[in-house]
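Participant: This is what each chain is made of:
2 protein chains.
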Amino acid sequence: MTYCLAMSLDAGMVFVSDSRTNAGVDNVGRFEKMKVYERAGERVIVVLSAGNLSVTQNALGLLDHQAGRDPNQLSLWNAKSMFEAAGLLGNAMREVERRDGDYMRQNRIDPSASFLLGGQVAGEAPRLFMIYAEGNYIESSRETNYFQIGEIKYGKPIIDRVLTPRTSLRDAVKCAMVSFDSTMRSNISVGPPIDVLVLEAGNLKVSMRQRLDEGDPYLTQIRAAWSEGLKQLFVGLPVPPWYDELAARQQAMQAQQ
Amino acid sequence: MTYCLAMSLDAGMVFVSDSRTNAGVDNVGRFEKMKVYERAGERVIVVLSAGNLSVTQNALGLLDHQAGRDPNQLSLWNAKSMFEAAGLLGNAMREVERRDGDYMRQNRIDPSASFLLGGQVAGEAPRLFMIYAEGNYIESSRETNYFQIGEIKYGKPIIDRVLTPRTSLRDAVKCAMVSFDSTMRSNISVGPPIDVLVLEAGNLKVSMRQRLDEGDPYLTQIRAAWSEGLKQLFVGLPVPPWYDELAARQQAMQAQQ
Chain C
1 MTYCLAMSLD AGMVFVSDSR TNAGVDNVGR FEKMKVYERA GERVIVVLSA GNLSVTQNAL
61 GLLDHQAGRD PNQLSLWNAK SMFEAAGLLG NAMREVERRD GDYMRQNRID PSASFLLGGQ
121 VAGEAPRLFM IYAEGNYIES SRETNYFQIG EIKYGKPIID RVLTPRTSLR DAVKCAMVSF
181 DSTMRSNISV GPPIDVLVLE AGNLKVSMRQ RLDEGDPYLT QIRAAWSEGL KQLFVGLPVP
241 PWYDELAARQ QAMQAQQ
Chain F
1 MTYCLAMSLD AGMVFVSDSR TNAGVDNVGR FEKMKVYERA GERVIVVLSA GNLSVTQNAL
61 GLLDHQAGRD PNQLSLWNAK SMFEAAGLLG NAMREVERRD GDYMRQNRID PSASFLLGGQ
121 VAGEAPRLFM IYAEGNYIES SRETNYFQIG EIKYGKPIID RVLTPRTSLR DAVKCAMVSF
181 DSTMRSNISV GPPIDVLVLE AGNLKVSMRQ RLDEGDPYLT QIRAAWSEGL KQLFVGLPVP
241 PWYDELAARQ QAMQAQQ
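As they're listed, the protein sequences go chains C and F. The first sequence begins at 1 in this note's numbering and counts up one residue at a time. The second sequence begins at 1 in this note's numbering and counts up one residue at a time.
Think of the hints as simulated: they come from the structure by calculation, not from any bench. Ideal placement from N, C-alpha and C gives every residue a C-beta, glycine not left out. Where hints are given, some of them may not hold.
Claimed, not checked - Derived list of chain C stretches under chain F, where covered just means 3 residues or more per stretch with a C-beta under 8 Å from a C-beta of chain F: (1) 32-46; (2) 168-182; (3) 220-233; (4) 236-245.
Claimed, not checked - Below, a sample of chain F positions facing chain C; criterion: calculated Cβ distance under 7 Å: (5) Val-173; (6) Thr-220; (7) Arg-223; (8) Ala-224.
Unchecked claim - If you want the ones that stay clear, here's a sample from chain F, every Cβ over 10 Å from chain C, calculated: (9) Asp-10; (10) Gly-61; (11) Arg-105; (12) Ile-109; (13) Asp-160; (14) Arg-166; (15) Ser-189; (16) Pro-217; (17) Ala-225; (18) Asp-244.
From just these sequences and the hints, can you work out the full model?
Facilitator: In structure tokens:
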């Protein structure tokens, strides 16, 4: 399983992905699920991928291969907009699905995959897209300013509670770390290393990139503080007022019998 | 969608279920998903159901129907153990599946369903089972002392953090309320009324039963306190130490260029 998260903020974008690939219990490998197309001053496109690894690798590989053979071929290196880039990647995934899908399904292998594609191309604002398994895609908005793919549920509540378009990049990174911590705690197949990438809006180059390995001190610190804080918070919550009342009434009834 | 939760503690058991059934956006109905078989001093069996409503209703209906026609027929009213009760319900679900499954699948309707079955029959300790869509089942243990069915992921982290076999019934109810709050916040198709039932171990009758409707003051209070507490907790968490360092180095590099 995989967990990838991309946030679109007024200040820029935050991308986070784990690097664990699980093809059965005894075949856990590590593959980076974050790919960056950067030409400073002109474009930064970040692609996060989830689902069948051969499909996501081949879709990206197909685009790179075509671009390598013919620089005029439309690719993530020369797409004129993020919208065009999203369409290209969706089409590449459809092509891989046409080529490999039936062979995989014959052996009950699920060929489905999905992408998050975000970044900025000179001449337009930063944009973020989610590309579905079928190759169609949607763009983020101010109302829904983040996308997740893979194991999305455990890490969603904290994002919904704290993220807005006005959140700072630094707080967004912190929020993403808590979201990953919750996910890793509940799904053992999501795990370090975790790749973090930050783009400042208008910068047209990667602002910051960091890899957090197993046992990373900050992850450990966040995990302990969050866990302890949640327990304290739980202890401080009110007890159901009807609990004691109903229990007392019940006891009184039993005493009468 | 549905969310049902059953917890097995040293002190007894807590069962919680929502009552919203969603068969498409404009057909949201309410059906109680908690059914109680109680004969004070002799047995209390609580069944929570998730999945296809016609399958769960018919599986339970089949057992009731057979018991009504012939009191000697094996049923939830006379099963000699919780283990036997779980097997009966699993078989009833298989029978409904045999009768209705193909007709439903022909119209792309998913006939899958599952149950939580817990309680106590005189002569043995309280026991809790989860019955899968295929009719097979598992029993809870001290290591895994709760089961969930339906929309399980959003509400799981808090239970994992606070529940142990030694948790009091009152704290377990509080934990269940937080778990339901997280679920309702992230999945609109899970909603009030919420049914809560508590069994004290050895009591052989329902200790407490409560229905929480939309706008219930305790739910509202828990929701506000939990939400506000989480936000505060998040604000107090440390910022990634590498964030500022990397950003400063990046700026220095840009200044040199």
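Participant: Is the shortest C-beta separation between Val-173(F) and chain C less than 7 Å?
Facilitator: Val-173(F) check passes; min Cβ-Cβ to chain C is 6 Å, inside 7 Å.
Participant: For Asp-10(F), is the shortest CB-to-CB distance to chain C above 10 Å, so the non-interface label stands?
Facilitator: Given a closest Cβ separation of 17 Å, the condition holds.
Participant: Tell me if chain F covers the stretch 236-245 of chain C under the three-residue, 8 Å CB rule, please?
Facilitator: It holds: at least three residues are needed, and the stretch 236-245 of chain C offers 9 whose Cβ sits within less than 8 Å of chain F.
Participant: With 10 Å as the threshold, tell me whether Asp-160(F) passes as away from chain C on beta-carbon distances.
Facilitator: violated (7 Å)
Participant: Given Arg-223(F) as an interface hint, is its Cβ closer than 7 Å to any Cβ of chain C?
Facilitator: Check failed: Cβ of Arg-223(F) comes no nearer than 10 Å to chain C, outside 7 Å.
Participant: For the stretch 220-233 of chain C, do three or more residues have a beta carbon lying closer than 8 Å to a beta carbon of chain F?
Facilitator: holds (count 9)
Participant: Would you say Ile-109(F) is clear of chain C, with no C-beta pair closer than or equal to 10 Å?
Facilitator: Label holds. Min Cβ-Cβ 22 Å, cutoff 10 Å.
Participant: Quick one, is the Ala-224(F) hint okay against chain C at 7 Å, beta carbons?
Facilitator: violated (10 Å)
Participant: So Asp-244(F) supposedly isn't at the interface. Is its beta-carbon more than 10 Å from every beta-carbon in chain C?
Facilitator: violated (8 Å)
Participant: Compute the least Cβ-Cβ separation between Gly-61(F) and chain C, then decide whether it is above 10 Å.
Facilitator: holds (30 Å)
Participant: For Ala-225(F), is the shortest beta carbon distance to chain C beyond 10 Å?
Facilitator: Per Cβ check, Ala-225(F) is inside 10 Å of chain C; nearest 6 Å; violated.
Participant: Is it correct that the beta-carbon of Pro-217(F) has no partner in chain C closer than or equal to 10 Å?
Facilitator: violated (8 Å)
This entry does not satisfy hints 1, 6, 7, 8, 13, 16, 17, 18, going by the numbered hints stated previously.
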